[in-house]
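Those protein sequences? They're chains A and B, same order as listed.
When we follow the working numbering, the leftmost residue of the first sequence carries the number 77, and every step to the right adds one.
When we follow the working numbering, the leftmost residue of the second sequence carries the number 77, and every step to the right adds one.
The hints are simulated quantities; they were obtained by calculation from the structure and are not laboratory data.
Watch out, some of these pointers could steer you wrong.
One copy or two, either will do: identical chains are not told apart, so a pair holds if it fits within one copy or between any two.
To be verified - Calculated cross-link-like contacts (lysine-lysine; reagent style DSS-like; alpha-carbon spacing at most 30 Å):
{"no.": "1", "residue 1": "K163", "residue 2": "K104"}
{"no.": "2", "residue 1": "K97", "residue 2": "K163"}
{"no.": "3", "residue 1": "K165", "residue 2": "K104"}
There are 2 protein chains.
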Amino acid sequence: MSQAQPRLRIEPLDVGLGLRKQASDAIKRAIMDMDIYGRAGEIRLDERRLSEDLGVSRTPIREALSVLEQEGFVRSIPRRGIIVVRKTKREIVEMITVWAAIESMAARLAAGAATPADIAELTGLMDAFEEDPTGHLTEYSDANMEFHRAIIRLGGIGLMSTLTDSLFIHMRAVRAVTMTQDNRAQRSVGDHRAIIAALRAGDADRAGRLVRDHTMGLAAHVERHGDFLDGPNAGGVPATNETGGK
Amino acid sequence: MSQAQPRLRIEPLDVGLGLRKQASDAIKRAIMDMDIYGRAGEIRLDERRLSEDLGVSRTPIREALSVLEQEGFVRSIPRRGIIVVRKTKREIVEMITVWAAIESMAARLAAGAATPADIAELTGLMDAFEEDPTGHLTEYSDANMEFHRAIIRLGGIGLMSTLTDSLFIHMRAVRAVTMTQDNRAQRSVGDHRAIIAALRAGDADRAGRLVRDHTMGLAAHVERHGDFLDGPNAGGVPATNETGGK
DNA sequence: TTGACGGCTGTGGCATACAAAATACAAAAT
DNA sequence: ATTTTGTATTTTGTATGCCACAGCCGTCAA
């Protein structure tokens, strides 16, 4: 009966306020913590199990899962259950492309509006890793993300930050891998410095182009080396029976 | 095994599969049909009233409202109820800017991949209005939207279509107004023709730039003349933070 | 007369109970 | 032995009831 079901480890949350949001956060955390691409087969989430693990009834669980579905973490198949989505390489590349489009525009806008203090913040993020980013890949990965988020923020369009944030969440699994390949970290620093220079010069065209090329380069890289995403069970969504048991 | 059977294909009989979606669609339709910007004061939605009107219980209504909240149509205030959101001018401008960013990138991608048939489809959308779009503003407004959606589709990034579609829904109220001002419809046709030419020439840079300038022009126009959005009750529901579903 | 406090009502949040559907298992027939 | 069908269990979808909190109104006191 209770086979090797990927039972998520989560802490029972205390009831108080915003029970639905707490539940969605907890489940989201649990999903991000588990290695989605390691396991094979579809990962199903059982409402009843979740409700008893979290100590709340199924109603807030369902609403939380509805939120997570909108955010692209799970997919609800009508009468069949809720499964954790596994982003395909194709989908990741699409997300990076959208990211490139948005950040490029943000850089254009930032080029005309960024203050010296803003520029200083950007340089500050890179300064710690100028010499040898390869040694501290984990830290640099964070600083890298923060750099891009900062540029988008400097664009002044809040919606851009909202959208890209929800894109970035799905790329946690990709970040670590891509960094270690191809000396990408080192080249990344160079690209970033060029972007900062363009922003400081107020050159919107150049800033937009550099950002676009930089991120599209990541897209091309994932396109080439991101086959681990489609991993063991390739293809897309199996339309019909795929029990996978035994 | 028994796969080659010419099994007759029957509609999956979507009744029952998605009472929640039916509810969300109905409520969404109702929201879009009413003139949100005409009325003053906050528009509250009562769960019990809705469930009574739609003939279903409150549970699917709540889930439908949860979906609508994620899509940005309504806003749930913890113990106060659910109100219909009114997009501010600022938010509309932000949405148009994001739209410009995405469609510009899509045009770049489309410039290298569009087939003559694709180009013909685009020209076909515009041909009917070349002479005098001012006479058939409603029809042209639809064709205009379809033109932009087609370009985004030609970019080949499905995520772009998904994102922009959800953006476009919120701009119905703006479409009609902006078209009638400033001879925008007529100039729109000219811009579109130039965009088609760039796509036909395979000039990614030019196509991307033209699309960006065209849409950013709309953003600037709304920025200038879109005060009716914040209209009667300026700042009716200001940034009270919280909720807002990410 | 005015302001504050307390009960009353209405609405949303959560839990639980019930029904329908799909899958898994088993048995029987070919 | 394999396939098919019937049954049972699991699991989702829906309904309803109860509870907590917010807003409102009336009354009482200063």
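Hint check:
{"no.": "1", "hint": "K163 <-> K104", "verdict": "both (15 Å within a copy, 29 Å between copies)"}
{"no.": "2", "hint": "K97 <-> K163", "verdict": "both (24 Å within a copy, 24 Å between copies)"}
{"no.": "3", "hint": "K165 <-> K104", "verdict": "within (21 Å within a copy, 33 Å between copies)"}
Checked against the numbered hints given earlier, the structure satisfies every one of them.
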